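Chemist: Model the full structure from these sequences, guided by the hints.
Those sequence lines, one after another, are chains A and B.
1 is the number of the first residue of the first sequence in the working numbering; add one for each residue after it.
1 is the number of the first residue of the second sequence in the working numbering; add one for each residue after it.
No lab work stands behind these hints: they were computed from the structure.
Every value quoted in this text rests on a predicted model; they were computed, and no experiment measured them.
A hint or two may mislead.
Some, not all, of what chain B presents toward chain A, calculated at C-beta under 10 Å [stated by the list, open to error]:
id, residue
1, 15
2, 30
3, 47
4, 182
5, 184
6, 230
Pair ranges (Cβ atoms, derived) [stated by the list, open to error]:
id, chain 1, residue 1, chain 2, residue 2, range
7, A, 292, B, 81, 50 to 56 Å
8, A, 292, B, 171, 17 to 23 Å
9, A, 75, B, 171, 30 to 36 Å
10, B, 43, A, 458, 54 to 60 Å
Think of the CB as a built atom: it goes at the ideal place given N, C-alpha and C, for glycine as much as any other residue.
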Amino acid sequence: MPYVYHIKQHSKNRLQKISASENLSMFKQRRIVIMTAETLLISKQRLISSMDAAKSNYRIAALTKTNDDRYVYDYIGKGDDIEFEYHPTVIPPKKFLFLSKETLFEFSDDGKIKSELETTPTILFGIRPCDLNAIKILNEAFADHHGDPNYLARLEKTLVIGMECTKVCDEHAFCYRTGSQNAKGGYDIMLYPDGDNFAVKSVTDKGKKFVTKYLTKHTANIGADDFINEVLKKKEQAFSKEKLFPNLDKMPEIFAANSHHPIWEQEGSKCLSCGSCIMTCPTCYCFDVRDEVALNMQHGKRQRVWDGCMLDTFAVVAGGANFRGSQTDRLHHRINRKFNWLVHKHGQSVCVGCGRCVRACLAKISPKTIGDAILADAKLATATVDVPLDAHKADRDLYLPMPAKIVACESFTEQEKHFKLELENGKSLGHDAGQFVQISILGVGEAPISLASPPDNTPTFDICVRKVGDVTNKLHTMNVGDTVHVRGPFGHGFTPEIMEKMRGKHLLFIAGGIGYVPLRSLINQVVANQHDYEKITILYGCKTPSERMFPKELSHLAKIGGKISIAETVDQAEEGWTGNVGVITTLIPPIDLDPTNTIAVIVGPPIMYKFVLKSLTDKHITADNIYVSLERRMKCGVGKCGHCQMSGIYVCQDGPVFKYADIKDNEEVF
Amino acid sequence: MAKPRVAFFEFSDCEGCQLCALDLTPEQLLDLVSVVDIVEFREAMTEKAGALDDHGDGTDSIDVAFIEGSINRESDVARLKRIRERASIVVALGACAHIGGINALKNFQSEEEYRKAAYPTDPYKYESTTAKAIGEFIKVDAVIPGCPIDTGEFLHVVKDLLVGHKPQVPDYPVCVECKLKENGCVYEKGMHCLGPVTRAGCGARCPSNGGYCYGCRGLISKPNIASQQDIMQKYNLNEDEMLSKFKMFLQRSKEVFPDDK
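Modeler: This is the structure in structure tokens:
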């Protein structure tokens, strides 16, 4: 057992003097090392009193016991409230960084918006390796592609003090299966416990500063490294009987090859869709966004709340379609997020084996059972999703919408209304064709809407809105002069690279119903620059003639002639309709095209894609020359909330426009 | 903009949900009456909206009708339909209106049994038939579930209606809220709970206070009843005990009791 030294702390000046003198005694050398050490030793009692001292500058959250004997992570009143022995908790400590409910911004009835970010310094004390790995993963996820302002502000103010586990906590934990019993990150300081003594090791500047300020008094570094090695040796022995998942290093490839494994249905059919797994998971970070107004209707706030893919309505779009309608589909989605799609991104299993979902699941569905069943199978597929991490600083305005005035509007049908909006800041939206915006009506909510006008330099842009949900219903009641709020543009549209690829080609546009709207932004762009293309063919199908979008423009396009041709069809004719009747695929065979010089773009309802894609294949157009725009539920628009995810791809970020070749093998797409 | 005209009505019930709707702080009450016009509310006021009909209700049109109670008499059906005609929006207030409530427990008895139990001296003196939810007779635009309702949820629905939002009550099970409360599972405490198939929104009130979920807020849209039964069996509940759990509030739920009465 190493000694715990009690040594007096020197001032910085004094230390400099000592280190400058040439003949240092051993004793003095030790003192200097202590002041700059990354590792040191401390007794439990000293650690507790140090935390009490730190309480004047920090609020401290730690494992603690409630009055009714439950173990929870909570803010503590004093150091003595800390439970040093680990007992599994229902909710992981992620709740301090990613709150189960938080305000994104507040608004008032005059349209003013204000947001406040976290500023209270916080210590998360005694976080175990499973949860530290989870915090590392969340830190990466919330900074990926767009820096989430709320999470990152809180992280900046938080100091994470980890604590090693020296044994498996209970029969439900399986951290050793995913290699998560050792923390790969997510902490500033690590505590290595042995009885009532601890070695302290700080790994970040934030950690070192804290240790210097609060822990160096009455501590020693001598033997700290040996102490740590002893603790880790004991840990290794305690875990020595526990095995990693077989083929852990090939998890994504094996899961990609096993989407039809019988284990999915076997476990999925038991699922109650009760959401216990996603609520208790330390690496689930999906959320929903809701507006909450005060009873006097004068002000309100936009809030985000935890949500998760195992709940039945998670992937339901405003029109009612559910992109993951069965428990089995949802279980497959959740487990593939943990073991497949996000693994490359984070460089580790995204399930950290903490066992919380297993403890909480009455049907006893366990990632461990599924992992054991599937990873025993060494069948490999090429994992299709490999989107690297792209760390960003906090974007203060990520969730704050800009005001925009309705400058023109026109109803096309009972269901669809066209709006021209103008940003109040006078700036151009700066979008690509095919991108979308999030339209907010403060108090009602936010909805993703496709842009209907081509890119230009003016502050105005067009949207066309179908009345299907709360936001769109409300929008339909609004008129010229009214103000809405806008975020965006978002997503991957028809980028300059795709536009360049289209140059000189025969462009074949195929639109179904309201799918003409997102395509209109591209069609108008292309028609305005028609000399750049060999031919432009537009095929448009609707249920009935009265459901056609932009009817005046359609007749105008038909009149231009030359290299532009347009063919329309309807499922059901009405009085006065003299055009084609039939499904849209009937328009494809007669087209004269050279498959090597044609690029097709399809936008329509989900049901249309399968048939149109087959007709295009019959015409020998390859998947490389086909673009599609996909619909999914989108809440945040910036690849965070998880609603639009399909097979590891965020439609709001990597789409909605995709090259068909890039997604055709993804099982959740069509 | 004119304030929406709001009215409250009750059928067979204890009127507790109406009390909950009134269980407001003075500030909340002032805010409420500043945004809506309460025109009919037998429990709280004597005035009626317009001339009386033969049921003693007013006859003027109203924007929102909150209807409490289950339907137990033929004559109630006519009154219910009359209210529907007067109101642009009908909200079922509480478990009785929403799912028949505990009144529907009588549906497990024969007519003679429940008549004798209620009126032992003259069983056939009063009208009484199967207890049903109001949605079995008229279109219901929104529900505020629970026995009793949660006042916070009532205010939520009022606000949703005011901003033109389709009133949202959760469509996920009580477990979601129970986990957020960091409760240990009721089953691990030796009790049996309907939380996994019951609509959340109550903040897991019963499991958080030493009890278990009785299912008063009705089932979620797609409950996995088979799995719920497997679990109760695994935790040593026999079939009769299991049925009595479901009987309390879920008699009108076809997923549990497919034989309609």
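Chemist: All the hints need checking, so say for each whether the structure fits it.
Modeler: Hints versus structure:
1. 15: Constraint on residue 15 of chain B not satisfied, violated at 23 Å.
2. 30: Holds, about 9 Å.
3. 47: Violated, about 23 Å.
4. 182: At about 4 Å, which falls below the 10 Å cut-off, the nearest Cβ of chain A leaves the hint on residue 182 of chain B intact, so it holds.
5. 184: Given a least distance of 6 Å, the restraint on residue 184 of chain B holds.
6. 230: 7 Å, holds
7. A:292 with B:81: 50 to 56 Å: 35 Å, violated
8. A:292 with B:171: 17 to 23 Å: 18 Å, holds
9. A:75 with B:171: 30 to 36 Å: 33 Å, holds
10. B:43 with A:458: 54 to 60 Å: 58 Å, holds
Checked against the numbered hints listed earlier, the structure breaks hints 1, 3, 7; every other hint is satisfied.
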